[in-house]
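Each protein sequence line maps, in turn, to chains R and F.
This note's numbering puts the first residue of the first sequence at 10, with every later residue one more than the last.
This note's numbering puts the first residue of the second sequence at 10, with every later residue one more than the last.
Some hints could be false.
As the list claims (entries may be wrong) - Cβ-to-Cβ under 7 Å is the rule here; a few derived chain F residues that face chain R:
#1 G159
#2 N174
#3 S198
#4 T199
#5 P236
#6 N239
#7 P240
#8 I249
#9 I254
#10 V453
#11 F669
#12 L692
Hints listed in this document are in silico derivations from the structure and should not be mistaken for laboratory results.
All C-beta atoms in this analysis are idealised placements derived from N, C-alpha and C, irrespective of residue type, glycine included.
Protein chains: 2
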Amino acid sequence: MSSSNQKATPKAIEVPNPMQSLENERRNPLFSVKEMTTFIDGSSKNVALKHAIFQELERDPNWIIDDYPNISLSELRERTMKKVQGVADKLMNESRSTFMYRMSLISVVDPGFWTRFGVHMGLFLGALQGQATPSQMNYWVQKGALSLRGMIGCFGMTELGHGSNVAGLETTATFDASSDQFVIHTPTSTATKWWIGGAAQTATHCAVFARLIVKNKDYGVKTFIVPLRNPQTFELLSGINIGDIGKKMGRDQIDNGWIQFTNVRIPRSYMLMKYTQVSSDGKVSEPPMAQLAYGALIMGRVTMVSDSANTAKKALTIAIRYAAVRHQFSTGPIGSPETKLLDYATHQHRLLPLLAQCFAMNFASKKLNTEYETLSKNLEIAKSPIETKLVLNDLKEIHATSAGLKAFCTWATLNIIDQCRQSLGGHGYSAYTGLSSMYQDFAVHCTWEGDNTILMLQCGRFLVSSTESFLKGKDTPKNLNYLKKASSENKLSTCSSDDPDVVCGLETLKEGWACVSAYSILRAHKLYSKKISEGLTQDQAYEASAAARLHAAKMHVTAYLYHCLADAVQLPECSDNIKEPIVLLALLFGASAAVQNSGEFIQSRYFNSKQINTLRNKVDDLCVKVRKIAVLLIDSFDYPDYVINSPFGRKDGNVYDSYFNLVKRLNPYKPVPYFDTVIKPLLNRSLETDDGPKLEIDN
Amino acid sequence: MSSSNQKATPKAIEVPNPMQSLENERRNPLFSVKEMTTFIDGSSKNVALKHAIFQELERDPNWIIDDYPNISLSELRERTMKKVQGVADKLMNESRSTFMYRMSLISVVDPGFWTRFGVHMGLFLGALQGQATPSQMNYWVQKGALSLRGMIGCFGMTELGHGSNVAGLETTATFDASSDQFVIHTPTSTATKWWIGGAAQTATHCAVFARLIVKNKDYGVKTFIVPLRNPQTFELLSGINIGDIGKKMGRDQIDNGWIQFTNVRIPRSYMLMKYTQVSSDGKVSEPPMAQLAYGALIMGRVTMVSDSANTAKKALTIAIRYAAVRHQFSTGPIGSPETKLLDYATHQHRLLPLLAQCFAMNFASKKLNTEYETLSKNLEIAKSPIETKLVLNDLKEIHATSAGLKAFCTWATLNIIDQCRQSLGGHGYSAYTGLSSMYQDFAVHCTWEGDNTILMLQCGRFLVSSTESFLKGKDTPKNLNYLKKASSENKLSTCSSDDPDVVCGLETLKEGWACVSAYSILRAHKLYSKKISEGLTQDQAYEASAAARLHAAKMHVTAYLYHCLADAVQLPECSDNIKEPIVLLALLFGASAAVQNSGEFIQSRYFNSKQINTLRNKVDDLCVKVRKIAVLLIDSFDYPDYVINSPFGRKDGNVYDSYFNLVKRLNPYKPVPYFDTVIKPLLNRSLETDDGPKLEIDN
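Could you build the full structure based on these sequences and the hints that come with them?
Okay, structure coming up:
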């Protein structure tokens, strides 16, 4: 083929240079990417620490991650375990806040490792911190609970037949006064501890949730530390059966297992006795209030909201950088070069509202974090019963908000990941472009530490019960002032403007989202009240209004997210330079979410049909505006290529070469191993129709 | 632990018998499951054939599928190849319709095998059938293209840098008159053939899409058969580079690969010349009309609509049977037994509208199939140009409808699978409950044979251009009569009733969906016309109205699906016994989709806000009614346990025991392989803080 042949049709087959395509997006930046990064991460100190932590990981040979699609489950588990020691040493040697930040970044790099380490650190240690007496805590720390020297813990809550409903667990811990021991026992197969992370190959001890039985009386579920393996030999201890739960959708770095206990005896002191105590003569003293287990639950949810935002950043980096590189079809006259994906309206509508949502989650996560930290401090310093009661009100609110946000944000991010994956076209289906495994790893966030549907219903229950309180003249939770206003004035406001810039304005949308949220909460409350007046119990009335409650919670959380993003502009850390992009993102998020929920907006009479059409057009305009800064916004997430771990999200745009090289490196050529045994016989087989003796029927 | 201990709290820890729980759902059935199965499958002959085919697969040792999560990629590929011969023999020995039915069932059992076989049968053979001359066809059949004896084909269309836009492909086929050969060449790395199923380990020949270059002139993309490997040795032929694309999100049964051609010479006759011909002296004759490649494209889409329905049946079987077995929390007074998941309103709202959607997809698939078969016959028998033109109009419509349905139904089913997975709680994350791999396998349906977004836009373009035609007084496509009515009368109808049974009635919803669909199409058309009047080209105007067009297509397809389900009641095959369940499902689908799109219904003025609230309440009622027959409806899908391949979807309800046994069988106990090398050193390590010489600073 001569070169002149290629020249014959230069335009049709010209492929624009990918690196140049991406670089073009960074010319004449409309805002300072660096300032945006600082704003997103919270401080320049955080940015520097992030760089340092990512660099440490990238240089550590145990932290190679780009070959994950090609290594077996057992290799993956072994490599993951090799990483534990280095991180455990950090845990011992750096401040708690630095270590927590490290873990949040590690979760973006390797979510499976995060889980494996987190089971010991978050769940096992968390159980000790929350439920052990000071001397018990001291004992287990001496045994190595903090350093992982001498012991590794796992967390034995869920059972084969029991998940979300902890009160329904079947495992028993029966007190035997004669030996001053508890007998831990798995009575049925559905009582088998199931999904226990670290049980299959890692843990020496387990924090077992079991029903406390003393003198034939069932005191409900308490926590007991049960040794599983001899730390010197790793042999299973007597009465312990353990098996591997095997392959999962994702996070195969962690060895989930099942455990059965057959009359396993532990000293009485291995029951965690901060709240409930059992004396040697079998006297059980229970705390006057239900256990304050709220705190630990909230922590996990706060973490998952931030993980949602961070994972969404990673997914969007891949999809948006690729969209600025990939050219396909042409919108110009025949013979024009192919058009960038990012220049198509549908591609913009597909990705850019999700980018705005990601920013909203980022700032919501910051707000939730701050509220949670303030609360934790207030809980510590509260002295009087009145003070404590006030703090407990805040706790209830944060519990509900964090439940709703966890559910909403993990669902939102799962959707973002899959939308991003599909936006890569066929390449999204490759294991080497990063989004399929991201989906598989992330999916479990929607289920663990509270199934999302149940959490949404909890949040909705709080909203309905708060409404009930306002109407009785009681206190207002901070983030529900809008609801109080609506329910006390007994009317919702209406947007009366026809000016598109007013209809799609920051304040109009703030009022609108508050209004729609109040509308849907009041609807759920009305239904609930109706059911109460019909004679149902509270629980039955809540169940009968479940669909409305779930919907109300979704509206409330969307409003919360929008308010966080719209309010971010007013934060002192938001420099003038970056205000405009934040405003654009807030409008895009607020308006596109309003269009998606147009029925609700019209029903509440905040917007009319015409205004909804105005918003629709505004979303088109906003997409065009945000498109111009999309790559800069992605750059401001500031994740290095090592962390993005996808040739499609490379900062330099060198997508195709690096993808091809990765595929070749991980899948070197080799002859087909089953050619002789399977394919050759197929290709060379004889058929019934081949020549041969013919069997005729005599007649 | 004595038995009296257990009696102390019998109610809290009583786990209802799973098998009994499921069996209870089948007492006093409200309709004949057998008749429903016949109706769903189309005929009792189909039902019998289905049973026979499933039985053959289940008994064939090559068709074991329950251990897939635990076998390696290379084992999976080898086992898949072992199955090819048996299926190829069926292809040779049974009718085309029986074989097609067999393949549609195989797709439910093992989608990865379906793809591996389908690449040869559907794509490679399809290319021959569509583009080879009769004597070329005869030649390749002689070589083994039908029997797979002597050759196996693959399909070389997509390239690393080019997917959906076939016209942008870079690979060249340059005619060399001196040798009467084509030279096939890969000019750049982005021109590398990519994603080619069967290339890595299976194919001897490839149907290569390449730009025909004759005497320096580019004639666009044509198809060429290029030998890849020596069938006797499987060595790559000269000039062929092939590599393995490796791990994918799913469907690892098929060996996708990449191919580069370096000046590979093939005889001129290896170009498929049904339409475009190249003579030995380099004269190119092109057909008067663009190639009728429509037919092959439609076939793939018709298949994927039916696969969507069938896969949704499988997913819903797992989720709904489990929901009838699993008990969790209690809605009754304290001490009541835990409540069935299926009895929770949120669980009903989560799954039952999806069940209704699955039925809608089933009947839409039947209708589409029938229309496609009629069309194919008409195309064959059309004699005069006028007849042909009429048939081509139908072809255009089916092309657009099938594009929209393929996109909508594959998205819908992907969502159904994930909703079902999440509804299993934590167990949904196990590889052994079947839904995670179903998601991973199914996901690619949204991308291949036309990316869903692009297909939706195509469908939308057809709707807008049809509107343009009506307004000019031209013919009406069959399924768009509602649109013609709306656009000619220049007004849409309104539902004026306040009676809940009328508002949520079959006919009201039919009219409503037609109306909302017309409303959104007219909106897209209006925007398009505005852009045209502003001086944009047709293509630019379509691009400028892309978001509205996409939305219009979604509304149109939803309307189409609803109409198919609502009309199913009138089919002669729908016996009285099963009419009521079908009506309930149609109402549930139509009403819940209307509530989801409430903004659109209110904006079009078909329903007002109050009527939407009426529908909301009706959806609650319908969920309760459908819940009563949910397990019977699932039973009527009539998939054996072998096909469902999930302990959670077992017909006998024995969920926990079979799940536990499967996990134990596939993950037998073994000592931790990296205890000595990794864990023991961690547990026994010394720390900096350990006793030892202290380093003091002199001062």
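Evaluation of the provided hints:
1. G159: 6 Å, holds
2. N174: 5 Å, holds
3. S198: Check passed: Cβ of S198/F comes within 6 Å of chain R, closer than 7 Å.
4. T199: 5 Å, holds
5. P236: Where the cut-off is 7 Å and the nearest Cβ of chain R is about 13 Å from P236/F, the hint is violated.
6. N239: 11 Å, violated
7. P240: P240/F check passes; min Cβ-Cβ to chain R is 5 Å, inside 7 Å.
8. I249: 12 Å, violated
9. I254: 6 Å, holds
10. V453: 5 Å, holds
11. F669: 6 Å, holds
12. L692: With a minimum Cβ separation of about 5 Å from chain R (threshold 7 Å), the hint on L692/F holds.
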